[in-house]
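Engineer: As you go down the protein sequences, you meet chains A and B in turn. The first sequence begins at 0 in numbering that gives the first Met the number 0 and counts up by one. The second sequence begins at 0 in numbering that gives the first Met the number 0 and counts up by one.
Don't read these hints as lab results, they were simulated from the structure. Mixed in with the good hints, there may be bad ones.
Intra- or inter-copy, both count: the list cannot distinguish identical chains.
[Stated by the list, open to error] In silico PhoX-like cross-links for lysine-lysine, where the CA-CA straight-line distance does not exceed 25 angstroms:
no. : residue 1 : residue 2
1   : K14       : K124
2   : K8        : K124
3   : K14       : K82
4   : K82       : K8
5   : K82       : K124
6   : K8        : K22
Listed below, chain by chain, are the residues.
Number of protein chains: 2
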Amino acid sequence: MWTYETTVKWSGGKKGRALCAGKPDIEISTPPEFGGPEGCWTPEDLLAASVAGCLMTSALFFIERDSIALSSCECRARAVMQKTPQGLAITGISVDVNISLQDPGQEPALRRALERAEASCPVSKSLNCPVELALQLGR
Amino acid sequence: MWTYETTVKWSGGKKGRALCAGKPDIEISTPPEFGGPEGCWTPEDLLAASVAGCLMTSALFFIERDSIALSSCECRARAVMQKTPQGLAITGISVDVNISLQDPGQEPALRRALERAEASCPVSKSLNCPVELALQLGR
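The following block holds chain A by itself, in its conformation from the complex:
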């Protein structure tokens, strides 16, 4: 069992600071469209970062294990929030993974590694909305 602990400390208005031992603070706020200021990470941004980051680090595990050599890797997560009969909810997250391989012949191995990452990512597994992943291979 592993635990991950973060504290958010209110700093007035619609802002706070996210603190995690030994790591730089993150200034957070209510999204601007709900009255918060511009320029701060919002809880919804952090959720998207968590999903993109977890898919990437899960993928890196299988990529390393299977000796796949990357030139670059980028994961863009887009979380959609909508009004539902139960109120505001995150209704889906789409993730575009953009990867360049050092050896294009490793594409089949990369696709297998990503499938495993998708199935094993603990963060997307903890969500009750669909998480859709699309791979784009760079040149």
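Dock chain B against chain A, hints included.
Structural biologist: Just chain B now, kept in the frame of chain A:
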């Protein structure tokens, strides 16, 4: 409908940078217990920050609407990750909310505001694991 987009860019090894337009970058990594370096935010930390931040900003909405005057407010979220038959998964998040009121007589109003925040928080609503909230009143 609102969308929240974040990109995580691999920076080598088990590290990356989370980028969100107009906001400071966050250095992220695989957790140290899975081979990542120390000192970076992990996807699991970001999930905890997202839940704590969303509960806090949801609470601040009702607190402002109901003219409740706070002295301080802190939300600590602890995400538990465990091995399950489906692999690693986040199995629960407990959130301790610590609030000091300017007027202790507003406690009943605060409790109602927190109940509403709990029911309306879009991030915790998107999770399939239990999110448990406990309120501690400071003096």
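Engineer: If a hint holds in the structure, say so; if it does not, say that too.
Structural biologist: Now the hints, each set against the structure:
{"no.": "1", "hint": "K14 x K124", "verdict": "between (29 angstroms within a copy, 21 angstroms between copies)"}
{"no.": "2", "hint": "K8 x K124", "verdict": "between (28 angstroms within a copy, 22 angstroms between copies)"}
{"no.": "3", "hint": "K14 x K82", "verdict": "within (23 angstroms within a copy, 35 angstroms between copies)"}
{"no.": "4", "hint": "K82 x K8", "verdict": "neither (28 angstroms within a copy, 31 angstroms between copies)"}
{"no.": "5", "hint": "K82 x K124", "verdict": "both (23 angstroms within a copy, 12 angstroms between copies)"}
{"no.": "6", "hint": "K8 x K22", "verdict": "both (15 angstroms within a copy, 19 angstroms between copies)"}
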